[in-house]
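Visitor: Take the sequence shown: its letters are residues 1 to 59, numbered as in full-length UniProt numbering.
These are calculated hints, taken from the structure and not from any lab test. Hints are supplied without guarantee of correctness; some may be wrong.
Claimed, not checked - Think about it this way: if two alpha-carbon atoms lie no more than 20 Å apart in a straight line, the pair counts; the simulated SDA-like pairs of lysine to any residue are:
#: 1; residue 1: 55; residue 2: 36
#: 2; residue 1: 3; residue 2: 32
#: 3; residue 1: 3; residue 2: 17
Owing to the predicted nature of the structure, the values given are computational and were not obtained by experimental measurement.
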Amino acid sequence: MGKIFIEGLSVDTLIGVYDWERERLTELSIDIELEAELEKAMASDDVMDTIDYAKVANC
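Taking the hints into account, I'd like the entire structure generated from these sequences.
Guide: This is the structure we're talking about:
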């Protein structure tokens, strides 16, 4: 097992309980910690064997 950290991912989103809270975008800063099977990537040092950070950030 290995861990991948994505720190300070910035997203603009509509959040809130009340309608007036959802009238404008709010910037959120998100930290993500993923645990994954990374042994193959660590052994091969090939980026194709690991997790695509862009896909994680855009999901």
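Visitor: Hints first: check each against the structure and report whether it holds.
Guide: Now the hints, each set against the structure:
1. 55 <-> 36: Judged against 20 Å, a Cα distance of about 15 Å means the pair holds.
2. 3 <-> 32: Holds: residue 3 and residue 32 sit about 10 Å apart, inside 20 Å.
3. 3 <-> 17: 34 Å, violated
Consistency note: the structure conflicts with earlier hint 3 alone.
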